[in-house]
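S.K.: For what it's worth, numbering that gives the first Met the number 0 labels the leading residue of the sequence shown as 0, then goes sequentially.
Be aware that one or more of the hints could be misleading.
[Unchecked claim] Within a straight-line C-alpha distance of at most 20 Å, the following computed DMTMM-like cross-link-like pairs (lysine to aspartate or glutamate) qualify: (1) K49 / E7; (2) K49 / E9; (3) K49 / E2; (4) K49 / E28; (5) K44 / E28; (6) K49 / E14; (7) K44 / E9; (8) K49 / E23; (9) K49 / E34; (10) K44 / E23; (11) K44 / E14.
It should be emphasised that the hints constitute simulated quantities derived from the structure, not laboratory data. This one's a predicted model, so the numbers in the text were calculated from it and none came from an experiment.
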Amino acid sequence: MQELTGSEVEVITFETVYRGILIEVGSGEVHLQSEAGWIVVPVEKIVDIKAAE
Numbered sequence: 000m001q002e003l004t005g006s007e008v009e010v011i012t013f014e015t016v017y018r019g020i021l022i023e024v025g026s027g028e029v030h031l032q033s034e035a036g037w038i039v040v041p042v043e044k045i046v047d048i049k050a051a052e
């Protein structure tokens, strides 16, 4: 996961897909910077994180 830091990614949860620059992967949260601002996603809601296509 750390190899994607600084890259544009898609964070897939049970509810939605978030797209942005991966800033930090913490023990409890993932931080993205998107065009609309900062996105913080709790780790327990994440299904997958992959490089954006």
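S.K.: Each of the hints needs a verdict: does it hold here or not?
M.R.: Hints versus structure:
no.	hint	in the structure
1	K49 / E7	holds (9 Å)
2	K49 / E9	holds (5 Å)
3	K49 / E2	holds (11 Å)
4	K49 / E28	holds (16 Å)
5	K44 / E28	holds (9 Å)
6	K49 / E14	holds (16 Å)
7	K44 / E9	holds (14 Å)
8	K49 / E23	holds (14 Å)
9	K49 / E34	holds (18 Å)
10	K44 / E23	holds (16 Å)
11	K44 / E14	holds (9 Å)
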